[in-house]
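Residues per chain, in single letters:
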Amino acid sequence: MLNTVYRLVEPRRFEAQFTDINILDDNVLIRPTHLSICHADQRYYQGTRAKEVLEKKLPMSLIHEGIGKVEYDPKGEFEVGKYVVMVPNTPFETDPYIGENYLRSSKFRGSGYDGFMQDYVAMRRDRLVLLPDEINLNVAAFTEIVSVSYHAIERFIKFSHDRRRKIGIWGDGNLAFITALLLKKKLPETEVYIFGINEYKMRDFVFADGTCDISEIPGNIELDHAFECVGQAASGNAINQIIDYIRPEGTISILGVSENPVPINTRMVLEKGLRIFGSSRSGYEDFKGTIELYRENRDVQEYLERLISDIVPVKTMKDMNTAFDTDIKKPGGKTIMLWEK
Amino acid sequence: MIYGVVLAGGIGSRMGNVDKPKQFLQVGNKPIIVHTVEKFMVNSRIDKVIVLCPQQWISYTKDLFRKYAVVSDKLDIIEGGKTRNDTIMNAITFIENTEGLDEDTVVVTHDSVRPFVTHRIINENIDAVLAGTACDTVIPATDTIVESMDNHVISQIPDRSKYYQGQTPQSFRAKEFQDLFNSLTDEEKRILTDAAKVFVIKGKQVTLVQGETFNIKITYPYDLQLAETLLGGEKDC
Numbered sequence: 006m007l008n009t010v011y012r013l014v015e016p017r018r019f020e021a022q023f024t025d026i027n028i029l030d031d032n033v034l035i036r037p038t039h040l041s042i043c044h045a046d047q048r049y050y051q052g053t054r055a056k057e058v059l060e061k062k063l064p065m066s067l068i069h070e071g072i073g074k075v076e077y078d079p080k081g082e083f084e085v086g087k088y089v090v091m092v093p094n095t096p097f098e099t100d101p102y103i104g105e106n107y108l109r110s111s112k113f114r115g116s117g118y119d120g121f122m123q124d125y126v127a128m129r130r131d132r133l134v135l136l137p138d139e140i141n142l143n144v145a146a147f148t149e150i151v152s153v154s155y156h157a158i159e160r161f162i163k164f165s166h167d168r169r170r171k172i173g174i175w176g177d178g179n180l181a182f183i184t185a186l187l188l189k190k191k192l193p194e195t196e197v198y199i200f201g202i203n204e205y206k207m208r209d210f211v212f213a214d215g216t217c218d219i220s221e222i223p224g225n226i227e228l229d230h231a232f233e234c235v236g237q238a239a240s241g242n243a244i245n246q247i248i249d250y251i252r253p254e255g256t257i258s259i260l261g262v263s264e265n266p267v268p269i270n271t272r273m274v275l276e277k278g279l280r281i282f283g284s285s286r287s288g289y290e291d292f293k294g295t296i297e298l299y300r301e302n303r304d305v306q307e308y309l310e311r312l313i314s315d316i317v318p319v320k321t322m323k324d325m326n327t328a329f330d331t332d333i334k335k336p337g338g339k340t341i342m343l344w345e346k
Numbered sequence: 004m005i006y007g008v009v010l011a012g013g014i015g016s017r018m019g020n021v022d023k024p025k026q027f028l029q030v031g032n033k034p035i036i037v038h039t040v041e042k043f044m045v046n047s048r049i050d051k052v053i054v055l056c057p058q059q060w061i062s063y064t065k066d067l068f069r070k071y072a073v074v075s076d077k078l079d080i081i082e083g084g085k086t087r088n089d090t091i092m093n094a095i096t097f098i099e100n101t102e103g104l105d106e107d108t109v110v111v112t113h114d115s116v117r118p119f120v121t122h123r124i125i126n127e128n129i130d131a132v133l134a135g136t137a138c139d140t141v142i143p144a145t146d147t148i149v150e151s152m153d154n155h156v157i158s159q160i161p162d163r164s165k166y167y168q169g170q171t172p173q174s175f176r177a178k179e180f181q182d183l184f185n186s187l188t189d190e191e192k193r194i195l196t197d198a199a200k201v202f203v204i205k206g207k208q209v210t211l212v213q214g215e216t217f218n219i220k221i222t223y224p225y226d227l228q229l230a231e232t233l234l235g236g237e238k239d240c
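So the protein sequences, as listed, match chains A and B.
Be aware that the first sequence starts at 6, since it is given in this note's numbering, and climbs by one per residue.
Be aware that the second sequence starts at 4, since it is given in this note's numbering, and climbs by one per residue.
To be clear, the hints were calculated from the coordinates, so they are not data collected in a lab.
A portion of the hints provided could be inaccurate.
What the hints assert, rightly or not - Each computed EDC-like pair below joins lysine to aspartate or glutamate, with the alpha-carbon atoms no more than 20 Å apart:
hint, chain 1, residue 1, chain 2, residue 2
1, A, K323, B, E215
2, A, K74, B, D50
3, A, K191, A, D214
4, A, K80, B, D50
5, A, K163, A, E196
What the hints assert, rightly or not - The following residues of chain A were derived to be distant from chain B, with all beta-carbon distances above 10 Å:
hint, residue
6, S165
7, E196
8, P266
9, T271
10, K323
Computed from a prediction, not measured in an experiment: that's the story for all the values here.
For each residue, glycine too, the CB sits at the ideal point set by N, CA and C.
Using the sequences provided together with the hints, build the complete structure.
Right, dumping it as structure tokens:
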């Protein structure tokens with residue numbers, strides 16, 4: 006079947022292109038319904054990735070955060086009409102020590118592998134998580150970024166020592182908000198403090214135990230562990246500030262993506278005996294865990310709903326640009342595309 | 004029930020140097036008609052798909068779908084009629100004789116040689132009919148339309164902004180089409196070009212569904228090349 010794929014062919018220009026989907030193989034056809042724009046999509050859309058990266062990866066369909074309805078399952082295992090979240094990571098092997106999202110052979114949608122801006126998405130059946138009926142669909146659209154926090158927290162619990170009285174989160178954007186929210190659910194006894202630069206953004210972290218401007222951090226603060234959710238060029242400053250304030254033997258979880266290498270104060274990392282670990286993306290089990298967390302914590306969905314800044318119906322190619330341009334202008338939060346193309 | 008009615012009545016007389024109807028020519032790895040029918044087979048709102056083709060091509064078409072493993076209780080292949088609207092009437096008669104016809108029987112009629120139709124177009128067709136009117140899929144006219152009454156000089160150049168190019172699907176309630184078609188005089192039938200006109204000449208509303216420029220009808224050898232080029236955008240995922 007000829008399938009329409011809406012690919013970014015150059016910064017800010019989408020084009021309809023076509024693939025031939027084999028409807029007889031094992032894949033389930035999903036009709037995308039709610040798609041969420043991520044910073045990574047914006048870097049392609051605005052052309053801020055390196056020229057050679059753009060040349061290598063485009064044309065490519067963007068978006069790796071999204072849900073859809075089951076349209077057709079040749080095996081009849083997935084009920085037609087049910088909403089599912091699509092897992093963008095696609096592994097081709099398993100390893101007892103390396104997670105699916107770290108295997109170099111895995112493909113990731115919207116990064117060298119077509120994303121969800123398509124008429125139908127042919128999904129491997131092990132890449133679909135059924136959504137509960139009562140879920141907020143706009144929130145479910147950005148389950149992927151929530152699952153990234155979920156994944157990092159699961160790893161943090163595994164890697165860090167058990168004294169977790171106070172944890173600092175650097176950053177005041179979406180990822181920081183989500184990570185702080187999930188940390189309070191996973192570790193309710195832990196005090197979570199936010200370190201950012203935008204007072205108006207930090208005001209919304211009402212579930213946290215405190216917020217602090219990074220230029221006014223009190224000298225006597227004692228953090229057992231920390232998360233870096235800043236990214237880009239500022240992530241180096243954030244990591245080094247964490248190194249200054251974290252207690253010895255603490256664990257630092259790095260989540261912010263930086264286009265260029267950042268310098269780190271390794272002398273102090275050694276002196277304090279710190280553990281630094283990175284996390285990227287997430288896997289099927291993280292999606293399942295995240296959906297379970299939604300199901301058990303109605304308030305998590307409510308808080309996440311507050312992150313939605315714009316909902317843009319997309320019926321035409323022009324609407325795609327409108328959605329991405331709207332997303333650029335927003336001060337924070339998530340832009341959801343209601344996919345009607 | 005909602006039926007996809009795929010019209011494969013063409014004998015391909017407009018295609019150049021080819022020996023079979025254009026719907027059977029390959030685009031990518033499959034015949035055009037297989038691509039088109041698959042669009043209707045996977046759409047969960049379509050209950051049944053009826054393919055109508057010339058009598059001498061029925062066995063071939065059945066074997067073709069068997070070859071490409073598009074075999075399902077959802078699919079029937081039957082004989083078309085002399086004209087486009089006769090073919091649609093054959094589909095409606097077939098429905099009447101099998102599942103039965105009632106006021107809620109919806110038919111989404113589509114050219115077998117338009118394999119690039121999208122989910123949105125099919126769904127908006129269904130929505131329009133369920134909302135109460137027949138519908139026609141169109142795109143705004145891009146070329147200037149010129150009228151000539153004598154095929155020699157221009158009689159007028161109408162305002163392009165009010166003109167559209169018709170595509171398919173065209174969709175409607177089967178019973179209403181049957182009633183209207185049966186009430187037409189022979190003279191009225193003679194000037195029919197498509198199904199929408201049956202409704203228009205009887206004063207019924209036909210709403211517009213936005214098509215796509217790439218929802219092309221593969222008519223000329225050039226179109227086949229274009230279709231191959233469009234599919235040439237495929238990327239190994």
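Decide, holds or violated, for the assertion that all CB atoms of chain B are farther than 10 Å from the CB of P266 of chain A.
-> 30 Å, holds
Quickly compare the C-alpha distance for K323 of chain A and E215 of chain B to 20 Å and report which way the hint goes.
-> Distance ~13 Å between K323 of chain A and E215 of chain B Cα, so the pair holds.
Minimum Cβ distance from K323 of chain A to chain B greater than 10 Å, as the annotation requires = Since the minimum Cβ distance to chain B is about 12 Å, K323 of chain A lies beyond 10 Å and the statement holds.
Taking the shortest Cβ-to-Cβ distance between E196 of chain A and chain B, state whether it exceeds 10 Å.
-> 45 Å, holds
Going straight from one Cα to the other, do K74 of chain A and D50 of chain B come out at no more than 20 Å?
-> Judged against 20 Å, a Cα distance of about 17 Å means the pair holds.
Is K80 of chain A within 20 Å of D50 of chain B, Cα to Cα?
-> 18 Å, holds
Does the structure keep K191 of chain A and D214 of chain A at a Cα separation of 20 Å or less?
-> Satisfied, since the Cα-Cα distance of roughly 15 Å is no more than 20 Å.
Regarding the pair K163 of chain A and E196 of chain A, is the alpha-carbon distance no greater than 20 Å?
-> 19 Å, holds
Could you let me know if the closest chain B CB is still more than 10 Å away from the CB of T271 of chain A?
-> Given that every Cβ of chain B is farther than 10 Å from that of T271 of chain A, nearest at about 40 Å, it holds.
Classify the label on S165 of chain A as holds or violated, using whether its beta-carbon is more than 10 Å from each beta-carbon of chain B.
-> 38 Å, holds
The structure fails none of the hints (numbered hints given earlier).
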